[in-house]
Amino acid sequence: MDQTRASELLFDQGTLVLSGWNAKAIERVFPAGWWSWDSRILAWRTYASRYTEVQELISQRSIGTTLLRPHWQKVLWSSISLPDLREEQSEAINAWQQSKRGVVVMPTGTGKTEVALRIMANEAVSTLVVAPIRDLMYQWHRRIQMSLNYDAGILGDGVNNVKAVTVTTYESACIHMPTLGDRFQLLVFDECHHLPGGMRQDSARMSIAPYRLGLTATPDRSDGNHRLYVDLIGETVYRLSVKDVAGKSLAPYEVIRIPVHLTPQEQARYDHLGKQLSEFVYQRRQNVPQYDWQTLCSEANQDPAARQALLWFRSRQAIEDRATEKLRILEDLFRLHVGSPVLVFAGSNAMAREVSLRFLIPCLLSHCGKRERQDYLDGLRDGTYPALIANQVLDEGVDIPAVKVAIVIGGKSSTRQAQQRLGRILRKQGEEIAVLYEVVCRDTNEELASRKRRRNDAYTRTRHRRL
Amino acid sequence: MLTREHGIAVYDGAFAHPDRLTRHQHQHYTALAEMMLEIYRAGQGKLRRELHRSIHSLLEPVPDALPRRADAFCKLLDDTSEYQQDKAGAAAKLRRRVYRLAAPHHPLVQSKFELHDSLEPEIKQQISAELGEPWESITQRFFIDIPDFQPLKSFDGYASGVELLGRYNVAQTQVALYDALMMSVWAHDDLKTILRYAKLAGLMHIITRCEDGSYRFDFDGPASMLSHTTRYGIAMARFIPGLLSCRQWRMQAKIRPKKWRRDLIVELDSNSGLKSPVAASAEFDSNVEAEFFSDWGPAQREGWQLERESRVLHQGQKVFVPDFTLIHVDGRQILLEVIGYWTPEYLKQKLAVLSTFQSHKILLAVDKTLQEHFKELFPNVIFFKKRLKAAEVVELIHRASL
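Chains as they are written, first to last, in my numbering: chain A, 237 to 703; chain B, 5 to 406.
Don't read these hints as lab results, they were simulated from the structure. This structure is a prediction, so every number in the text was calculated from the model and none was measured. Glycine included, C-beta positions come from ideal geometry on N, C-alpha and C. Treat the hints loosely; a few may be bogus.
[Stated by the list, open to error] Examples of chain A residues lying across from chain B (beta carbon under 7 Å, computed):
#1 L246
#2 G250
#3 T251
#4 I316
#5 C533
#6 R571
#7 H573
#8 L596
#9 H603
#10 Y621
#11 P622
All chains, please: the whole structure from these sequences, using the hints.
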């Protein structure tokens, strides 16, 4: 090994590089397995996230190693305007403060963002806020502007403007962390259940930031990868469940399910497609008894018959999605709630655009720019617009005006999506009861999905009613 | 380049074979590709969505044309197309205007129940009159900031259907490599070019010399040795067009496709028939090298044989491939570097490289105008005027007694 080389700890493309140390010295100072020998550069390498511990061990045990100089900056807030914290918010902040690392679990609508902003205000260090989608990224930008009077940098959505406090998306954070990993002291992972997915972990691993905060309402992942939080962010330091706050900071809510009948033509086509589908699956199961949905999907790329089956399935979904009857029901619900802002969730972009053109209400889709989005949200808040339609863009954490009426006219059946959607309309405001209408096609898969949803925790305290 | 969603590959045992349309098995695609180009050539003014639909319906009756394949072709065709863009947020402004005009009439109903109800068609007529534009044209512009709803402005296209198919094949190989963990290249020739393209793509290397004098390059990225990561797969895909422009190599990549239980191998070599979209780089850096090479000729001179760029010197991630290697029948080897055309930056870099590798036996042939920069520093140097002659180099070998 290269003894003549200067002993130095460096940040290199998302990793730490330690040169001028022999294997014995490494063994003596660091726990086993921390470093790997990189023969390509003749030095030791490990993930940047080990930085704090590594730096500490080196400075305790060795002189003569040039230490890494992070490109951190002190941040001066010119003014801070944050609302007084609620009890559970203070508890969450205190819990995080113990180690300045960890995950805070709080239901949507209980002020997670305020918790993070308060922590950012207290720490006043270079901070990177990572959000799942660009809409949320822009929302963070706005919240930081409003609460901390700071014009944060933006990384993502074609913008590359990095400042001491910057907002970004998981995708961009993952791509750029090799160059930015030594520039932030605090990482805030919003909706952090997105972090453990595949390569996105790099946005935590490739940073030297000692302080880390994860925020989520739904920490559990079906792939079991929520175990990785400890490594990537820290332990779960605070947990508040929906039940703890229902009726407290959340309004009580009611779910009303409205079954929709397909037109005779739609129903006929729907049934026909269904018959062909089950015939296909039946045939396949003659040979492969465990033939299932996933097999079908993977076969569809090579097998024309499987491909056809997939097309049948998609057409069926499209019928559910865009049933004419749904538009009529929407008309009735709009009539019923004239004067009260209404939020509509569609199952697809196409459906959202169709509704938007039919009723001439704004549709909030991913293509909307920052300004347009803001205009729609503000407009719904101040009554300029009577209603808003969105697809999954609003599913998570998007700051929307306190709405008392929401309508779901399509979408997937996943638990998380339903929970997040409920969270949207549950902001506490007066004593009025919030209503979530679920418009589902009768005698279709959609109805089954809706039944499944009702068994979920978030719904257990709701009243169910049918029109 | 295509996106991951366009990728098609057949998994066969330990191997993944990226989709390949060959003259042999896919004869019918040559005509289809011409027709696809025709659809786009005649597609001016049509919406992106319509063009994509046309491509899909063209391929739908073809038994082996998967929808993904059609999507991939759409992407490749779009890559050389220009679509009309929304100007200065005009669509958003239009939408905002319309929504605001309609808001007081909410909800727009189709049948009146009460006196104050607003009928949908009436309100739309009103708004259309207010804007002085037929409703039809308003709806056409309404979502023009969404790619699907943009009309085609111009289409550069590809020279022929065959070229489009060639591009498709390369692109599918690249997609397969998005999931690559690491890549090895064995090469006899164009070593310098291969390493240069790898560096341009941002890859790190391990260089091993094989027994037969050829080289093995293992490519991956900084964090690859910490965990099996596919994060450098895109860099490896980006490296492929450059590699394809080189001669005499074979490549093997280990890929880890998402949701697949194990790793697979992708193989490729210089005879695979894939056509590089980049031109092959010139064989010689300059005329000086080319003329010297032909002056020396294929035969031995006093026992010395001349080979071009056949040795790779490396130290860590620094690499130096001297222009020529002289190999004696008795096994002695001498490296020869020619320094002719220059800029101040080039010269600075070259001097740094030479000092990094000064422990190697390197002869220098330097343009006379650069004499002052080299005289003191390097002992084994000849200065040439415009042309470097074989005889002079032989003489230098004697003089330097190597």
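We went through each hint and held it up to the structure:
This hint is violated: A:L246 has a C-beta 11 Å from the nearest C-beta of chain B, more than the 7 Å allowed. Interface hint status for A:G250: upheld, as the beta-carbon distance to the closest one in chain B is roughly 6 Å, under 7 Å. Given the 7 Å rule on beta carbons, the hint for A:T251 holds: about 5 Å separates it from the nearest Cβ of chain B. Given the 7 Å rule on beta carbons, the hint for A:I316 is violated: about 33 Å separates it from the nearest Cβ of chain B.
A cut of 7 Å between beta carbons decides the hint on A:C533: the least distance to chain B is about 10 Å, and the hint is violated. Checking A:R571 against chain B: minimum C-beta separation of about 6 Å stays under 7 Å; hint holds. Residue-level restraint check for A:H573 is violated (minimum Cβ-Cβ distance to chain B is 9 Å; threshold 7 Å). At about 3 Å, the closest approach between the beta carbon of A:L596 and any beta carbon in chain B falls short of 7 Å, and the interface hint on this residue holds.
Residue-level restraint check for A:H603 holds (minimum Cβ-Cβ distance to chain B is 5 Å; threshold 7 Å). At its closest, the beta carbon of A:Y621 sits 6 Å from a beta carbon of chain B; the interface hint therefore holds under the 7 Å criterion. Satisfaction of the interface hint for A:P622 is found here, the shortest Cβ-Cβ separation to chain B being roughly 4 Å, below the 7 Å cut-off.
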